[in-house]
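**Student:** Listed here are the chains, written in short residue letters.
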Amino acid sequence: MNTTPATEKPTLFMAEDEEDTASLLRFLLERSGYQVLHATDGHQAQHMIDTIAPPSLVLLDIMLPHFSGLQLLPYIRKKPEWHHVPIIMLTADSSEHDMQQALAAGANDYMIKPFNPRELTARLSRFLKPAA
Amino acid sequence: MSATTLSNSLIEIGWLATITIHALILILLGWTLAVRGLRIATDRRRQAMVTIWRPILAESLIEAPISLPAIHPRDHVLFLYLWNHLQESIKGESSEELCKIIRRTKMDEVVHHFLASGTMRQQLLAIVTLGHLKEEPAWQRLLALIHAENAFLSIEAARALVRIDATRAIPILVPLISHRADWSPLKVLSLLQGTGDELVAHALGEAALNAPPLIAARLLRFLASIRSHRALPLIRPILTRDPLHEDVLASCLSLFGQCTDPRDLPAVRQYLTHPTWFIRVQAATALGKMGIEGDEARLIGLLEDSHWWVRYRAAEALSLLPSMTDDKLSILVQTLPTTEARKVLTPFVAKRIQEALASTANVSAA
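Those sequence lines, one after another, are chains A and B. Sequential numbering from 1 applies to the first sequence in this note's numbering. Sequential numbering from 133 applies to the second sequence in this note's numbering.
Please note that a few of the clues may not be correct.
With a Cα cut of at most 27 angstroms, we get these calculated DSS-like pairs of lysine-lysine [to be verified]:
{"hint": "1", "chain 1": "B", "residue 1": "K483", "chain 2": "B", "residue 2": "K460"}
{"hint": "2", "chain 1": "B", "residue 1": "K421", "chain 2": "B", "residue 2": "K460"}
{"hint": "3", "chain 1": "B", "residue 1": "K223", "chain 2": "B", "residue 2": "K238"}
{"hint": "4", "chain 1": "B", "residue 1": "K483", "chain 2": "A", "residue 2": "K78"}
{"hint": "5", "chain 1": "B", "residue 1": "K238", "chain 2": "B", "residue 2": "K266"}
{"hint": "6", "chain 1": "A", "residue 1": "K78", "chain 2": "A", "residue 2": "K9"}
{"hint": "7", "chain 1": "B", "residue 1": "K421", "chain 2": "B", "residue 2": "K483"}
{"hint": "8", "chain 1": "B", "residue 1": "K223", "chain 2": "A", "residue 2": "K113"}
{"hint": "9", "chain 1": "A", "residue 1": "K113", "chain 2": "B", "residue 2": "K319"}
{"hint": "10", "chain 1": "B", "residue 1": "K266", "chain 2": "B", "residue 2": "K232"}
{"hint": "11", "chain 1": "B", "residue 1": "K319", "chain 2": "B", "residue 2": "K421"}
{"hint": "12", "chain 1": "B", "residue 1": "K475", "chain 2": "B", "residue 2": "K460"}
{"hint": "13", "chain 1": "A", "residue 1": "K113", "chain 2": "B", "residue 2": "K266"}
{"hint": "14", "chain 1": "B", "residue 1": "K266", "chain 2": "B", "residue 2": "K223"}
{"hint": "15", "chain 1": "B", "residue 1": "K232", "chain 2": "A", "residue 2": "K113"}
{"hint": "16", "chain 1": "A", "residue 1": "K113", "chain 2": "B", "residue 2": "K421"}
{"hint": "17", "chain 1": "B", "residue 1": "K421", "chain 2": "B", "residue 2": "K475"}
{"hint": "18", "chain 1": "B", "residue 1": "K319", "chain 2": "B", "residue 2": "K223"}
What the hints contain is simulated information worked out from the structure, not anything from laboratory work.
All chains should be built: construct the whole structure from the sequences, respecting the hints.
**Tutor:** Next comes the structure, spelled out in structure tokens:
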């Protein structure tokens, strides 16, 4: 897990293609004191994973254009500096197979959409120190 | 003289035609530009509305906004779209907070007006909104709408009723679910999945026990799609019926496969040798989901079935058995005695290899 100076906001990297969901998540997370970096598809997510510093946490939608969340997951885990970053999968489908695959590939947790906003922030706080 | 007059008339007609055609072109061009300008202005206005309301609605999930901007009548439909879209994205107590916004902005009155006298689009929007609002006073009106000829209106009214009071709604809807073939199965599933398993299992299970075979099979397929474990005790006795309709039997096997209760394994195995091919297909499919190592031999036997679909599903089922490792599957395909059996199993071996490679390969290499 990344440690950040107390004065800096912890960073969340979010890969979500659905505009309204992304907007809602960004609002909730920024309100909770996190800096949000957003990728709208698998290509952009891969580029950001290659270029940005490891964040404090990753929110990864399973259904993404170009590369799915399940394809990005092992890609993230292979990078040494990202190896310990907590990853939470977002899925609109309660498919057991997808969730089993995600957990086996290294995801730390998952949330099924529609999600409870309070539950989401509570789950995130398990993996992060609270923002100032 | 007359030739000259005729010639002049023709020239005049020609000029008239030219001017008329050019005038029509200019009118059409002007109309196109006006429509385009109107479209751009509408899009800008809508974007401005979304920019204002999206953060307000998101904030309302956490705490009630102190003040709310007025909503222009021309933005009513767009606001309701935004509101409903957000409702569909969340669950829990935040949904209640969102309902308060509708009431504070008096949009609930607009919704009732849309339901009473709106266009089809407005009516549909109103029905969906009333469901999310859990608006009890709209119950009777929605009850009338579930019998509407229009399948969109009726299924959305059904969904709204379930949202308002599922316990009261499901028994009313079961006869419609049984008979309305124009209701999209996916929408029916979505409606059932939003309700408690016990309630649905009991209502659909009881209906399936007493329905004609084709209706019973339809209801059982819905139970299978929602993996209703609670329906199993109700449904198991169906297998003792004599005669037992084959569509009903196939649907029962599908339910057993989806629920994967080991108590149903003997029944599933029993039908692997049924004379009807689609029963054998359902039995093989179910065995793939719930079978154990001892079932490998049974499924290998089906690889030489007379019907292609049975062979295909048996091969798929074999590849899904937890005891069937990649190595075991590869060795099996090489040792099968017939070409047909090897041919049907080979794609599943290839799929396993592909999945193994994909899970270790770099994304950029892929």
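**Student:** Against each hint, give a clear statement of whether it holds in the structure.
**Tutor:** Now for the hints, and whether the structure bears them out:
{"no.": "1", "hint": "B:K483 to B:K460", "result": "14 angstroms, holds"}
{"no.": "2", "hint": "B:K421 to B:K460", "result": "18 angstroms, holds"}
{"no.": "3", "hint": "B:K223 to B:K238", "result": "23 angstroms, holds"}
{"no.": "4", "hint": "B:K483 to A:K78", "result": "24 angstroms, holds"}
{"no.": "5", "hint": "B:K238 to B:K266", "result": "16 angstroms, holds"}
{"no.": "6", "hint": "A:K78 to A:K9", "result": "26 angstroms, holds"}
{"no.": "7", "hint": "B:K421 to B:K483", "result": "18 angstroms, holds"}
{"no.": "8", "hint": "B:K223 to A:K113", "result": "9 angstroms, holds"}
{"no.": "9", "hint": "A:K113 to B:K319", "result": "17 angstroms, holds"}
{"no.": "10", "hint": "B:K266 to B:K232", "result": "12 angstroms, holds"}
{"no.": "11", "hint": "B:K319 to B:K421", "result": "25 angstroms, holds"}
{"no.": "12", "hint": "B:K475 to B:K460", "result": "17 angstroms, holds"}
{"no.": "13", "hint": "A:K113 to B:K266", "result": "21 angstroms, holds"}
{"no.": "14", "hint": "B:K266 to B:K223", "result": "14 angstroms, holds"}
{"no.": "15", "hint": "B:K232 to A:K113", "result": "22 angstroms, holds"}
{"no.": "16", "hint": "A:K113 to B:K421", "result": "26 angstroms, holds"}
{"no.": "17", "hint": "B:K421 to B:K475", "result": "22 angstroms, holds"}
{"no.": "18", "hint": "B:K319 to B:K223", "result": "19 angstroms, holds"}
The structure shown violates none of the earlier numbered hints.
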